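Asker: Just remember that my numbering sits 3 ahead of the position in the sequence shown, which is counted from 1.
There could be a bad hint or two in this list.
[What the hints assert, rightly or not] In silico DSBU-like links for lysine-lysine, alpha-carbon gap of 30 angstroms or less:
| hint | residue 1 | residue 2 |
| --- | --- | --- |
| 1 | K152 | K325 |
| 2 | K116 | K238 |
| 3 | K238 | K269 |
| 4 | K312 | K327 |
| 5 | K269 | K325 |
| 6 | K325 | K312 |
| 7 | K200 | K312 |
| 8 | K238 | K152 |
| 9 | K116 | K152 |
| 10 | K316 | K200 |
| 11 | K316 | K238 |
| 12 | K269 | K316 |
| 13 | K327 | K316 |
[As the list claims (entries may be wrong)] So the derived label-pair ranges between C-beta atoms look like this:
| hint | residue 1 | residue 2 | range |
| --- | --- | --- | --- |
| 14 | R261 | Y144 | 28 to 38 angstroms |
| 15 | L49 | E108 | 33 to 43 angstroms |
| 16 | A244 | Y144 | 27 to 37 angstroms |
| 17 | N145 | R326 | 30 to 40 angstroms |
| 18 | D99 | P252 | 32 to 42 angstroms |
| 19 | D158 | K269 | 54 to 64 angstroms |
| 20 | M211 | S38 | 33 to 43 angstroms |
| 21 | G266 | S157 | 51 to 61 angstroms |
Please keep in mind that the hints were generated in silico from the structure rather than gathered at the bench. Quick caveat, the model's predicted, so the values are computed rather than measured. Think of the CB as a built atom: it goes at the ideal place given N, C-alpha and C, for glycine as much as any other residue.
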Amino acid sequence: VDEVHRFNKAQQDAFLPHVESGTITLIGATTENPSFEINGALLSRLRVFVLRPLAAQDLAIVLRRALSDTERGFGAWTLTVDDAAIALLATEADGDARRALTVLEAAAGHVGKGGHVDEAQVREALQLRFARFDKGGEEAYNMLSAFHKSLRGSDPQGALYWMARMIEGGADPMVLFRRAIAMAAEDIGLADPDALKLAVAARDAFHMLGAPEGYLPLAEMTVYLATAPKSNSTKRALDAALTAARDTPAEPVPLHIRNAPTGLMKELGYGEGYQYAHAVPEAYIPQEYLPERLRGTAFFTPGPFGFEKEIAKRLAWWADLKRKAGESSAAE
Numbered sequence: 004v005d006e007v008h009r010f011n012k013a014q015q016d017a018f019l020p021h022v023e024s025g026t027i028t029l030i031g032a033t034t035e036n037p038s039f040e041i042n043g044a045l046l047s048r049l050r051v052f053v054l055r056p057l058a059a060q061d062l063a064i065v066l067r068r069a070l071s072d073t074e075r076g077f078g079a080w081t082l083t084v085d086d087a088a089i090a091l092l093a094t095e096a097d098g099d100a101r102r103a104l105t106v107l108e109a110a111a112g113h114v115g116k117g118g119h120v121d122e123a124q125v126r127e128a129l130q131l132r133f134a135r136f137d138k139g140g141e142e143a144y145n146m147l148s149a150f151h152k153s154l155r156g157s158d159p160q161g162a163l164y165w166m167a168r169m170i171e172g173g174a175d176p177m178v179l180f181r182r183a184i185a186m187a188a189e190d191i192g193l194a195d196p197d198a199l200k201l202a203v204a205a206r207d208a209f210h211m212l213g214a215p216e217g218y219l220p221l222a223e224m225t226v227y228l229a230t231a232p233k234s235n236s237t238k239r240a241l242d243a244a245l246t247a248a249r250d251t252p253a254e255p256v257p258l259h260i261r262n263a264p265t266g267l268m269k270e271l272g273y274g275e276g277y278q279y280a281h282a283v284p285e286a287y288i289p290q291e292y293l294p295e296r297l298r299g300t301a302f303f304t305p306g307p308f309g310f311e312k313e314i315a316k317r318l319a320w321w322a323d324l325k326r327k328a329g330e331s332s333a334a335e
């Protein structure tokens with residue numbers, strides 16, 4: 004079955020009983036990742052053989068066979084092709100024999116029967132080649148992953164390259180912007196709060212400008228995010244808070260920070276003892292905001308880079324005020 008990934012789930016399931024009973028031997032070919040495109044039940048009953056891209060020397064053999072084949076190739080055309088042209092074509096075909104033969108056919112059509120193909124004709128034919136980017140396939144996710152990891156790894160060169168590869172391959176720029184906005188929050192966070200703002204602004208600028216002018220703010224955003232200080236403190240804080248919320252789903256809100264819109268609620272103690280922070284010069288009054296069971300828990304711990312150093316100073320200052328308030332209460 005060629006292009007077996009084109010079968011939908013129900014059609015793939017129809018193979019199952021016959022494969023299990025041995026009635027049929029299923030041999031499927033696909034250009035996609037079987038893990039994504041083939042049902043797990045069917046895939047578990049099959050062996051997967053990965054066909055690697057052809058080496059340049061193998062492609063050169065394929066091309067020479069095509070030039071000598073009088074039935075299916077160009078043997079009857081009596082073409083002469085430079086060794087350098089074949090070497091260039093074999094290298095630039097990215098391991099794809101079909102692509103190499105397509106470019107050879109384009110070059111042969113340009114020079115005609117009895118013509119001579121050199122590097123110039125091959126380069127001209129190669130200009131018709133489309134960048135490899137399958138919007139819904141594995142390669143799309145691989146490139147998007149490479150883009151994200153280059154940003155996280157503080158490599159503007161790699162990030163720009165994969166950004167450009169995806170653009171040249173016809174990727175929707177919004178895919179890049181969505182990944183970059185998520186990366187700004189996940190991998191930069193409060194180390195540089197402007198990163199998220201710039202990513203959103205770059206997306207809005209693209210909407211306003213369109214292509215190709217909109218690629219400039221995309222590139223600017225890419226360089227900025229790649230060179231910004233990195234921190235995942237916010238992500239770790241979110242994960243820790245979510246875990247605590249799942250572990251303590253019934254913890255009540257402390258009475259002093261509850262909403263008290265009615266007289267009855269006030270009689271029940273709602274809001275009693277709450278202290279308004281702006282009532283003091285420091286705009287900070289030490290009081291508890293977490294449930295009793297979680298008091299003292301620190302979900303967020305700032306990192307050592309960028310703006311988080313300033314946040315660390317503020318947290319230390321508030322902690323000192325809280326400590327002094329505790330000492331004062333103890334003395335009384």
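Asker: Each hint needs a verdict: does it hold in this structure or not?
Answerer: Tested hints:
For the suggested pair K152 and K325, the alpha carbons sit about 41 angstroms apart, so the restraint of at most 30 angstroms is broken. Only pairs whose Cα atoms come within 30 angstroms are accepted, and K116 paired with K238 is rejected, the gap being roughly 64 angstroms. Of the pairs offered as hints, the one joining K238 and K269 is violated, with about 37 angstroms between alpha carbons and a cut-off of 30 angstroms exceeded. Between K312 and K327, the direct Cα distance comes to roughly 23 angstroms. Compliance with the 30 angstroms bound is thereby established for this hinted pair.
Note on K269 and K325: the hinted pairing holds, with a Cα-Cα distance of about 27 angstroms set against a maximum of 30 angstroms. As the CA atoms of K325 and K312 are separated by approximately 20 angstroms, the hinted pair is consistent with the 30 angstroms bound. For the given pair, K200 sits about 20 angstroms from K312 by alpha-carbon distance, which is consistent with the 30 angstroms threshold. Among the hinted pairs, K238 with K152 is consistent with the structure: their alpha-carbon atoms are about 16 angstroms apart, no more than 30 angstroms.
Proposed proximity of K116 and K152 is contradicted: the alpha carbons are some 49 angstroms apart, above 30 angstroms. Distance hint between K316 and K200 is fulfilled; the C-alpha atoms sit about 23 angstroms from each other, no more than 30 angstroms. Between K316 and K238 the CA atoms are separated by roughly 20 angstroms; this keeps the pair inside 30 angstroms, and the hint holds. The straight-line distance between the Cα atoms of K269 and K316 is roughly 37 angstroms, outside the 30 angstroms bound, and the hint therefore fails.
For the hint pairing K327 with K316, the CA-to-CA distance comes to about 17 angstroms; that is within 30 angstroms, so the pair holds. In this structure the hint that R261 and Y144 lie 28 to 38 angstroms apart at CB is violated, the actual value being about 47 angstroms. A beta carbon spacing of about 35 angstroms between L49 and E108 agrees with the range 33 to 43 angstroms that was offered as a hint. In this structure, A244 and Y144 meet the distance hint of 27 to 37 angstroms, their C-beta atoms being roughly 29 angstroms apart.
A hinted range of 30 to 40 angstroms for the beta carbons of N145 and R326 is inconsistent with their spacing of about 51 angstroms. Between D99 and P252, the C-beta spacing of about 54 angstroms breaks the proposed range 32 to 42 angstroms. A C-beta distance of roughly 58 angstroms is found between D158 and K269, which places it inside the suggested range of 54 to 64 angstroms. Here the CB-CB span from M211 to S38 is close to 39 angstroms, well matched to the stated 33 to 43 angstroms.
Between G266 and S157 the C-beta distance comes to about 58 angstroms, which sits within the given range of 51 to 61 angstroms.
Violation of the numbered hints given earlier is confined to hints 1, 2, 3, 9, 12, 14, 17 and 18; the remaining hints are satisfied by the structure.
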